[in-house]
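Visitor: Here are the chains, one letter per residue:
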Amino acid sequence: MNAAGFPLLSLITFLPLVGALIIMSVRGNAEVVARNARWTALWTSLLVFLLSLLLWFGFDRSSADFQFEENVPWLPEYGVGYHMGVDGISVLFVLLSTALTPICVLASWEAIATRVREYMIAFLILETMMVGMFAALDFIVFYVFFEAVLIPMFLIIGIWGGPRRVYAAFKFFLYTLLGSVLMLLAILYIWYHAGTTDIPTLFDTAIPRAAQGWIFFAFLASFAVKVPMWPVHTWLPDAHVEAPTAGSVILAGVLLKMGAYGFLRFSLPLLPEASAEFAPLIFALSVIAVVYTSLVALAQEDMKKLIAYSSVAHMGIVTIGIFTFNAQGLSGALFTMLAHGVVSGALFLCVGVVYDRVHSREIARYGGVANIMPAYGLVFLFFTMASVGLPGLANFVGEFLVIVGAWKVNPWLALGAASGMVLGALYMLYLYRRVAFGKVTKPDLRALLDLSPREYAVFAPLILLTLWMGVYPQSFLEFFEATVANLVARHEAAVALSRLAGVQ
Amino acid sequence: MFVGAIFFPLLGATISGFLGRWIGDRAAQWVSVTCMVLAALCGILAFLEVALGGHHTVVPLVTWMDVGGLEVSWALRYDTLSVVMVAMVTFISTLIHLYSVGYMSHDATPARFFAYLSLFTFMMLMLVTADNLAQLFFGWEGVGLASYLLIGYWYDRDSANRAAMKAFIVNRVGDVCFMLGLALVFYVFGSIEFETIFAAIPQHAEDRFGGVRAMELIGFLLFLGACGKSAQLGLHTWLPDAMEGPTPVSALIHAATMVTAGVFLVCRMSPIFEVAPTALGFVCFLGATTALFAATIGCVQNDIKRVIAYSTCSQLGYMFFAAGVGAYQVAMFHLFTHAFFKALLFLAAGSVIHAMSDEQDIRRMGGIWKKIPITYAVFWIGSLALAGVPFFAGYYSKDAIIEAAFAAHSGVGTYAFLCGILAAFLTAFYSWRLILLTFHGEPRADHHTMEHVHESPWVMLIPLLVLATGAIVTGAIFAPLFIGEHEHGFWRGAIVNGPHNHVLHAMHEVPSWVPVLPTIIGLSGIALAFLMYVFVPSLPHRLAERFHGPYHFLLNKWYFDELYDRIFVQPAQRLATVLWKTGDAKIIDGLPNGAARLAAGVSRGAVGLQTGRVANYAFAMIIGLVVLVTLFLFRA
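Protein chains in written order, with the working numbering: chain C, 16 to 519; chain Z, 945 to 1580.
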């Protein structure tokens, strides 16, 4: 059947649902239910993570093909099938999703006190949807997962969020849904044109040049919101601010990657000419995103909002990398996505640590925290530096590759991407200075306790991962090397072909 | 040995940083000092083997990344250029570690301090032994991080936090240029490994990029990166503020690590600069300007550390213009000797500050030379070396720089020569102004402080004495190797001089007045300082009053900070708020929120129609009917 010998991807995808069912069936008083829900969610997600490690070990790095494929006919007369599989682009995102979920469950251990059962169910369903989305190889299946991700996230923000949670949840939902409707139209057209929604088959189907333009924009509408790109980014700060800590972690860690993943999976291979034609537009929006949102981040007074804006800036680097169409840019974009998933998630966890103790996200409410919580100060500094792109830590490798790749396209583009280095350092260090450094002027802060063993357990894997990605990124880069090379070759061939056609 | 020299400091940093809480402060301090001693031993052995024995090697460690032809490895490159730096950095850093044991004895968290200090050293070593530009950038940013941590070491002081952030950000501006230069190198050469780049220069020497010669552009970008680290004019503003850190940190930043990185980079990239004459001319011009500019400011500052900081800035200018006329070896030589006497001056200044109960303002010192004789003596030695008085270390290197500038016989070379001569005069003047104000005259500190003035403990004095010896002898010993007759056998191609570049040869054949001139100038600067601060002590005050404008211009450091604040910081803050409050909140969010309001309004209106009265509905129906009938009639 596939390299694992059993439907591994489906198992990883749907095992969390089994966990959710078990949690649903728990009976007893509220405390028993909460405890059981937590432990069940943790064990389920850990089991899923261990299973997904089979992907890490079993994945053939030298091949650009889809692996661990499962193909079951679903609506054969319409060319729609249940097709799962991963290639170098998606496999690490499956792993990222399965790795972040147990961390999120652990991070919500004490922070979530009401409706614990429902919360854990929502998280497990979310995991199913995320993994399914990255593993789907059928456009319809992809679309279902892509949209279904919204539902548990909507609930997590809307029920367990902060004071303005309903506004934020609706904004999040409506923004992302609106874009997706246009994508559905595009999918329908493609299906009508090609007679199938099987993604590997679609790769070999040329879409007419005339249609590529509007399909590109239909995809753009959906993916740009998810990324998010400027100027459709404003849902993100609100969603982050109101979401509970673990919700922010997943949002920054995985959900933001969906848009960029969509570009890589669909826009580039299916619409090569349109992608090449509209790349300057994407570059412009991305550079604006980097500069604009970095400046806005500088002015923030809310910790989570600041990190949310920094996410938009980092995703600007990602979109620049994707549309450079060269190996360095694409690898850099993928690496930045992974690194940002880990580092930005960890930064939200850092905010969560002090939020759990003080119940305020306002920067001015803090000051001198490093005096009182030295271990926390160190962890926070570590991830601040990682976010700033210090070489030796995760983010640098991605940014570096994107800048090198962007230079090949246009030196000014590289300058735009590199300007994020200065601005990023500016807002992150300013944040750190106001929160961790300085004298302790708020007397109640003196009573804060340093990291608990549970919090150490949450941060330790992220710290190791960040260091590993920074010092020996090759173990991640080799996953997508073949796929990226293939993507670049196909893109160049397609563009060259159309140029040839234009000449004749 | 090769690996040990680099990784012992990291080991020390890790142990004292992470285990410091368990093993105690004293143990942490001595562990990191021991690690540094081991590193220094390795470093000196490596120096003997590589530089004197002539065995260049590259120690590969592991692949870093390999993406579509961009191959980057972690490797340690040991040639003469790097081993000079390794030996110097480990040696000086060890002395600074030792000194810090005494200096930081009253501090609350010495383990943290030593961890940072060792980390700083490690990053600098990674920088100098890099085999490719990316690893160099790793060290480059790493020293940025360590300096950020050390400048902001006393993080409950707001000024320290500000200075730390400023250092990091200003450096980052340079780093962007470095990064772009790196990208261009990869674009042109398809590699960022030094070996490959240097070998391919002849093929690519005339490549063009965007209408400009690519080599020139690479040179410019990398030099702008170097300007950030080495505090050259324009990006120098962080260096004087970096004084907020503890004094041993200043010594480390100014002597061994960090600021020398830029000079090192230019020397490392000498094969590229040799084919980029315009960029090299710019290096020369900016270096010379900085040398003079910083010296003018140094003359009026009143903070003991700040004066020395500006002197560093000025000396770095010397190194750059030496490199800028093609005499990289001379630049490296000055870097080497400068490390000794600048570390000495800073540590001696630290000893003074220690003695004066943390007073740094020289206007509140004076009359202490008898109480701290050893510090006083080594301060003299350091200043003599700095001023280039014959037979001290600085004499050999600084004279050589000025001769090289003269021998270059180019426009910028002559400009550099003039700037260098003037700056040498000012250097001697402000050095002795510092000595006279700090140690001589009537005590201006309060009675309480004066009672406590005491010589530092031996753990601080021993490093001072070792450095003082270095400041006396390194020039005479190493001049033949670095720039003299053994130069060629010493460097062995680690630094490349183009076929048309004969400056190293020509500098030995300048007219006989040229080598004498700096000495005369230096001595007259010292004489002026004596005149103004010993014989006619009222003169400085009168001059300051008379030339009020220029005095304040210098005192306020040419108003660079104010200028940057006006044109970068404030507009950025204002723009940030505008973008957020107007751009995001009003315009971008205004559309969907407005749409939502519109929808809500329409539906409210629609709800209003539903009154529940039959008469209203009937009336509406009749109107509808009338409209319908009318339409039909008109169409028919």
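Hints should not be assumed to be uniformly reliable.
Said to hold, decoys possible - DEER-style ranges, computed between Cβ atoms:
id	chain 1	residue 1	chain 2	residue 2	range
1	C	203	Z	1003	24 to 34 Å
2	C	458	Z	1490	47 to 57 Å
3	Z	1004	C	178	33 to 43 Å
4	C	178	Z	1401	57 to 67 Å
5	C	128	Z	970	55 to 65 Å
6	Z	1545	C	181	16 to 26 Å
7	C	482	Z	970	28 to 38 Å
8	Z	970	C	303	34 to 44 Å
9	C	76	Z	1536	54 to 64 Å
10	C	482	Z	1536	53 to 63 Å
What the hints assert, rightly or not - Partial list, derived from the structure: chain Z residues whose beta carbon lies under 8 Å from chain C:
id	residue
11	1112
12	1156
13	1317
In short, the hints are calculated from the structure, not lab data. Note that the structure is a prediction, hence the values are computed from the model and not measured. Beta carbons: idealized from backbone N, C-alpha and C, even for Gly.
Visitor: Work down the list of hints and note, for each, if the structure agrees.
Guide: Each hint tested on the structure:
Checking the proposed 24 to 34 Å range against residue 203(C) and residue 1003(Z) shows it is violated: the Cβ atoms sit about 60 Å from each other. Range check, residue 458(C) to residue 1490(Z): about 53 Å between beta-carbon atoms, so the 47 to 57 Å window is met. Distance hint check for residue 1004(Z) and residue 178(C): the Cβ-Cβ separation is about 57 Å, which falls outside the suggested range of 33 to 43 Å. A C-beta distance of roughly 59 Å is found between residue 178(C) and residue 1401(Z), which places it inside the suggested range of 57 to 67 Å.
Evaluation of the 55 to 65 Å hint for residue 128(C) and residue 970(Z) yields a failure: the beta carbon distance comes to about 46 Å. Between residue 1545(Z) and residue 181(C) the CB atoms are about 20 Å apart, so this pair conforms to the stated range of 16 to 26 Å. In this structure, residue 482(C) and residue 970(Z) meet the distance hint of 28 to 38 Å, their C-beta atoms being roughly 29 Å apart. Checked against the hint of 34 to 44 Å, the C-beta distance between residue 970(Z) and residue 303(C) comes to roughly 55 Å, which is inconsistent with it.
One distance hint, 54 to 64 Å for the beta-carbon pair residue 76(C) and residue 1536(Z), is violated here, with the actual separation near 44 Å. With their beta carbons about 41 Å apart, residue 482(C) and residue 1536(Z) fall outside the hinted range of 53 to 63 Å. The beta carbon of residue 1112(Z) is positioned within 8 Å of a beta carbon in chain C (closest approach about 6 Å), and the interface hint is therefore held. Restraint check, residue 1156(Z) versus chain C: the minimum CB separation of about 11 Å is more than 8 Å; hint violated.
A least Cβ separation of about 39 Å between residue 1317(Z) and chain C goes past the 8 Å threshold, and the interface hint is therefore violated.
Of the numbered hints stated above, those contradicted by the structure are hints 1, 3, 5, 8, 9, 10, 12, 13, listed in ascending order.
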